[in-house]
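Asks: Residue numbers (the numbering used here), protein chains in the order written: chain A, 1 to 170; chain B, 1 to 457; chain C, 1 to 336.
No lab work stands behind these hints, which were simulated from the structure alone. Be careful, since some hints might not be right.
[Said to hold, decoys possible] Covered stretches of chain B, going by a simulated chain A footprint (3 or more residues, C-beta under 8 Å):
1. 89 to 98
2. 245 to 252
3. 324 to 333
4. 348 to 361
Please read these numbers as outputs of a predicted model, since none were measured by experiment. For each residue, glycine too, the CB sits at the ideal point set by N, CA and C.
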Amino acid sequence: MLKVEETQPVEFSSALLEKFDEIVKRYPEGKQKSALLPILHLVQAEYGWTSVPAMDKVAEYLAIEPIEVYEVASFYTMYFLQPKGKYVLEVCRTGPCCLVGAEKIMNHIETRLGVKEGEVTADGLFSWRGVECLAACGFGPVLQIGPEYTFYENLTEESVNKLIDDLRKK
Amino acid sequence: MARKLLLEHINVPGINTLEVYRQKGGYRAVEKALKTLTPDDVVEEVKKSGLRGRGGAGFPTGMKWSFLAKPEGVARYLVCNADESEPGTFKDRFLMTHIPHALIEGMIVASYALGANTSYIYVRGEMMPQIRILERAIEEARAAGFLGKNILGTGYNLELYVQPGGGAYICGEETALLESLEGKRGNPRIKPPFPAIAGLYGCPTVVNNVESIAAVVPIINDGGDEYAKIGIGRSTGTKLISASGNLVKPGVYEIELGLPVEEFIYSDEYCGGIANGKKLKATVAGGSSVPILPANLTLKYANGEPRLMSYESLSEGGFATGTMLGSGGFIAFDEDQCIVRNTWNFSRFYHHESCGQCSPCREGTGWMEKILHKIEYGHGTMEDIDLLWDVQRKIEGNTICPLGDAAAWPVASAIRHFRDEFEWHVKEPMKSQSTNYGLANYANPIEKQVEVKQDNL
Amino acid sequence: MSDLVKVTIDGITVEVEPGTTILNAARQIGGEIVPPAMCYYSKLKGSGGKCRTCIVKVSKGSEKDPRPMPKLVASCRTTVMDGMEVQNITSPEVLEARAGVVEILLINHPLDCPVCDQAGECDLQNLSYEHGLQKTRYEFERRTFDRIDIGDKIQLHMNRCILCYRCVFTADQITNKRVHGILNRGDHSEISTYIQTAVDNDFSGNVIDVCPVGALTDKTFRFKNRVWFTKPIDAHRNCTHEKCNGKVTLWYKGEDVLRVTARKDQYGEVEEFICNECRFDKKKTNDWTLEHPTHISDTSVISSNHYETFKPLPVIKENLALQEANKRELEKSIKF
Chain A
1 MLKVEETQPV
11 EFSSALLEKF
21 DEIVKRYPEG
31 KQKSALLPIL
41 HLVQAEYGWT
51 SVPAMDKVAE
61 YLAIEPIEVY
71 EVASFYTMYF
81 LQPKGKYVLE
91 VCRTGPCCLV
101 GAEKIMNHIE
111 TRLGVKEGEV
121 TADGLFSWRG
131 VECLAACGFG
141 PVLQIGPEYT
151 FYENLTEESV
161 NKLIDDLRKK
Chain B
1 MARKLLLEHI
11 NVPGINTLEV
21 YRQKGGYRAV
31 EKALKTLTPD
41 DVVEEVKKSG
51 LRGRGGAGFP
61 TGMKWSFLAK
71 PEGVARYLVC
81 NADESEPGTF
91 KDRFLMTHIP
101 HALIEGMIVA
111 SYALGANTSY
121 IYVRGEMMPQ
131 IRILERAIEE
141 ARAAGFLGKN
151 ILGTGYNLEL
161 YVQPGGGAYI
171 CGEETALLES
181 LEGKRGNPRI
191 KPPFPAIAGL
201 YGCPTVVNNV
211 ESIAAVVPII
221 NDGGDEYAKI
231 GIGRSTGTKL
241 ISASGNLVKP
251 GVYEIELGLP
261 VEEFIYSDEY
271 CGGIANGKKL
281 KATVAGGSSV
291 PILPANLTLK
301 YANGEPRLMS
311 YESLSEGGFA
321 TGTMLGSGGF
331 IAFDEDQCIV
341 RNTWNFSRFY
351 HHESCGQCSP
361 CREGTGWMEK
371 ILHKIEYGHG
381 TMEDIDLLWD
391 VQRKIEGNTI
401 CPLGDAAAWP
411 VASAIRHFRD
421 EFEWHVKEPM
431 KSQSTNYGLA
441 NYANPIEKQV
451 EVKQDNL
Chain C
1 MSDLVKVTID
11 GITVEVEPGT
21 TILNAARQIG
31 GEIVPPAMCY
41 YSKLKGSGGK
51 CRTCIVKVSK
61 GSEKDPRPMP
71 KLVASCRTTV
81 MDGMEVQNIT
91 SPEVLEARAG
101 VVEILLINHP
111 LDCPVCDQAG
121 ECDLQNLSYE
131 HGLQKTRYEF
141 ERRTFDRIDI
151 GDKIQLHMNR
161 CILCYRCVFT
171 ADQITNKRVH
181 GILNRGDHSE
191 ISTYIQTAVD
201 NDFSGNVIDV
211 CPVGALTDKT
221 FRFKNRVWFT
231 KPIDAHRNCT
241 HEKCNGKVTL
251 WYKGEDVLRV
261 TARKDQYGEV
271 EEFICNECRF
281 DKKKTNDWTL
291 EHPTHISDTS
301 VISSNHYETF
311 KPLPVIKENL
321 ALQEANKREL
331 EKSIKF
C-alpha cells in the first residue's frame with residue numbers, strides 16, 4: 001500500500017478536456033482505455049504529478065475503475081505518484097553512460113543540489129534521480145527534464161552547473 | 001564509401017521537413033506502391049529483399065507479414081515499435097529525430113501492404129521531442145495528401161497516430177507493447193496466440209521496429225532483388241549500428257552487413273578506434289542483452305578468421321565463442337573498464353525493468369543483482385560465482401517473454417569469458433575497490449580453440 | 001471419436017477434446033504425472049502461465065509437425081495437438097527447472113509457516129515439500145510489506161504473496177467492481193487497493209479460497225486453530241443470494257464451526273463460489289443441513305480419519321501404463 005499523504009484538488013480545465021477528447025478519437029469505439037497513458041502524461045504536465053484525485057478523475061473520464069488507473073500509473077516509471085521538484089533531472093545510469101562517467105555526474109548533481117536522489121530541494125525547484133537507459137548512449141552522459149523531456153547530452157560538471165543555474169534564473 | 005539507404009541525406013539541411021524530403025526523392029515509394037503495386041506485390045518485394053527484423057530478433061519481415069491472418073470484416077493493424085530502450089541502442093531515436101518522414105513513408109507503404117487502415121507508432125514516453133517531431137511530420141504528410149482518406153486518389157485510407165509509452169523497457173516486447181497501447185500494464189501476453197492472429201484489440205496485428213519499417217522505402221524504390229544484393233548471405237541490406245562506450249567517434253552508422261568488425265571499430269569512416277589511445281578490452285555487439293565478448297573473440301572467430309558485422313558471423317561459435325547482432329547496439333569497453341561492475345549495472349537494469357508477471361524473472365533478476373553487487377563491492381565468495389551461474393540458468397528459457405533470457409545472457413557470458421576477473425574480486429577484495437583488473441589477456445589472439453566446460457553450454 | 005486428439009504424457013496416452021491444455025489432459029489421466037499449478041485456476045478465465053511451476057517438455061510437437069518445442073512450456077496455457085508427446089516427471093530437465101522455480105518462489109517468501117493460517121492446506125508448502133531444496137541459498141534480506149485489512153473480514157499479508165493474480169481474476173470475473181489490483185512492477189509488485197478502501201462485495205470472500213498461499217486469509221478464522229485440528233463437513237443451506245447455491249464445507253472443532261469455505265476439488269480449486277453471507281455470517285450448525293465428512297486426499301494432514309478412497313477411472317483398468325502410474329493409490333484401495 002502506497003502512502004499518499006499529500007493531495008490536491010483537481011478539476012480538469014476545458015482546454016485539457018478538449019485535448020483528452022482529441023486523444024480518445026484515435027482509437028476504435030469502446031477502446032477509450034487506450035488513451036490512458038497519453039492522458040496521464042497530460043495530467044502530469046498540468047499538475048506536476050499524478051495524484052489520487054487526478055487519477056480518479058481520469059478513471060471517471062474514461063469510464064474505467066480507479067484501480068485500473070492506479071495499476072497503470074504505478075507500473076510505468078514516468079508517472080510521479082508523489083510530488084516532485086519543478087524540474088526533475090533524470091540522469092541515465094545504465095552501462096554505456098556509466099562507461100563515460102554518468103556516476104560522476106550523478107554525484108556532482110547530488111552535491112550541487114544538496115539533496116539525495118528522489119528528494120526535493122528546499123525551494124521546491126529541483127529533484128533528481130537516476131533512470132534506466134534513455135537511448136542516447138552515443139552522446140552520454142545524458143539527462144532529461146520533463147514535462148517535454150528535453151535532452152541534455154555529453155554532460156560535464158560545468159555544463160550541469162550551467163544548466164542548474166539557468167533553470168534557477170527562469 | 002559504402003552505400004547508404006536510410007541515412008543518405010542525413011546531412012541535408014531541412015531533411016526533417018516534407019518539402020526537402022520530397023526534393024530528395026521522398027514519398028516515391030508511396031506513389032509507386034499505391035499506384036502500381038498490389039498489397040501482395042509489396043509483401044513479395046519485402047520477402048525478396050531478405051529484410052530481417054531490425055529490433056533484435058532478426059526474424060524475416062516479409063515472412064512475418066505473410067503470417068498475418070485476414071479474416072473478413074475484421075480490422076488489421078500495423079504497429080511500429082519505437083519503444084527503443086535497449087542499453088546501447090539509439091538508432092531509432094536518431095532516425096526519428098532527423099528523418100521522420102522516412103518512418104512515415106515506410107508506415108504508409110507497410111500499412112497498405114497489410115491492409116491496415118489505422119496504424120500506430122508506439123514511441124517511448126521519454127522521447128517526447130521525437131513524438132512532437134513525428135506529429136508534425138504526420139500533419140505535413142496529411143496536408144500533402146499522403147495520409148487520410150483516398151490517398152493519392154487510389155481509394156486507400158490510412159490514419160496514422162503516435163502513441164507515447166510511460167517508461168518501461170518491457171514494452172519493447174511486442175505483446176507487452178500491445179497491452180500498453182490498450183492502456184494496460186505492460187505485461188507480455190502468453191503466446192500463442194501470436195499478434196498475427198490476435199494482437200491489438202484482439203485483431204490481427206503486425207509489430208515492426210522503426211528501422212525495419214524505414215527499410216521498406218528503399219526496398220520498394222529499388223526492388224527487393226536490388227536490396228538483397230547488398231550485404232552478405234542471409235544478412236541482406238544495410239543496418240544502423242549505434243556505437244557507444246569508449247570510442248573516438250560514438251554515434252549512429254549505417255553499414256552494409258558483412259563489414260569486418262575490426263574495420264567498424266578502427267577505421268576513420270566509422271568509430272575511429274578506442275578513445276584516449278586506450279586498448280579494447282571487450283564489446284557488447286548488439287545491445288545489452290547479447291553476450292559480452294572479449295576483444296580477441298570480437299575481432300576474430302576462435303579459429304582466427306575475421307568476424308564480420310552480420311547476423312550469422314556475429315553468432316558464429318554459438319554462445320561459447322560468439323554473440324548476436326541483436327538490435328545493433330555496439331558498446332565498446334576499454335582496458336580501464338570493470339566487467340564485474342558493468343555486469344552488475346546491466347543486471348540492475350533488468351531487475352528494474354522486469355514486469356514482475358512470471359516468477360523466475362521477477363525474483364531471479366533481483367537475486368542476480370544482489371549477488372553481483374556483493375561481488376563487485378568485495379564481499380563475494382567463490383560459491384557466489386557458481387550460485388550466480390546457477391541462478392541465471394534457472395531463469396533462462398523458463399520465462400513468459402525473452403526478458404528473462406536477456407537478463408541471463410549478459411551474466412552467463414561475463415562469467416564464461418571473464419571468470420578470472422570475478423575470482424580476482426573475491427581473492428583481492430580490497431584491491432578490487434581501488435584498482436581494476438585491467439586488460440589481462442583478453443586482447444591477445446587466441447592460440448587454440450576455446451574449450452568450454454559442458455556445464456557452461 | 002475422430003474429433004478427439006491423442007496426446008501422450010510421460011508415456012501414457014489419452015484422447016481429449018481439441019483445445020484442451022496439456023495440464024487438463026494430464027488431469028484426465030490423473031496420478032503423479034499431473035504438473036503442479038500455483039497460478040492456473042480452471043474456473044478463472046485468463047489465469048495461468050505466470051508461476052512457471054507447471055512447465056513441461058514437449059518432445060514431439062504433433063503428428064504433422066513432430067519437431068520438439070525449443071523451450072519448456074507452461075502446460076496450463078499450451079494446447080495439445082494430435083500426436084503430441086509430453087514429458088513431465090520423466091524428464092530430468094523439467095524436474096530441475098521446476099526445482100529452480102520453487103527455489104525462486106521461496107526466496108522472498110517469509111517461511112513463517114508456524115504462524116500462518118494457511119499451513120496444512122498451502123499449495124506452496126506442498127510444492128516445496130515435493131520439489132524444494134533442503135536449504136536456502138538466498139542470503140539477502142527478504143522483501144517485506146505491511147499487513148493490511150481489505151475490509152473487515154479479509155486480511156492481506158503481502159509478504160507471503162507469490163503474485164499468481166488469481167484474486168485479481170476472481171474480482172474481475174465474479175464481483176461487479178474490482179477495487180484491488182497489482183501495483184508497481186517487478187519484484188516490487190504488490191496486491192493492493194492503493195488507497196485504503198474496503199473490498200465490499202457479496203463475493204469478495206472468494207479471494208481467500210483461490211489464494212494458493214496465506215496471503216489472503218479469513219479474519220474470522222485468524223489464529224482460531226490449525227487446520228489439521230479441524231474436521232471438515234460438507235453442508236448446504238438455501239441461500240437467498242441468486243448467484244450462490246449454498247454448498248459449502250464447514251470446518252468444525254468440537255461442536256463449533258470455526259470457518260466456512262467453498263468446496264474444493266482434488267486440485268484445490270473451489271467447485272462453486274459462495275457468497276459472503278454463507279462464508280462469514282452462518283457459523284452455527286443449525287444454519288446448515290449437514291451432508292457428510294468432506295473427502296480429503298490421503299496425503300493431506302487434514303482430518304486424518306476421513307481418507308478418501310481411490311476410485312480408479314475405467315480407463316485405468318484397461319491400461320497397463322496407467323496402472324503403473326497409479327500403483328501406489330491402487331495398492332491402497334485394495335487394502336481398504
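Asks: Take the hints in turn and mark each one as holding or not.
Replies: We went through each hint and held it up to the structure:
no.	hint	verdict
1	89 to 98	holds (count 4)
2	245 to 252	holds (count 5)
3	324 to 333	holds (count 3)
4	348 to 361	holds (count 4)
Every hint, counting from the list given before, is met by this structure.
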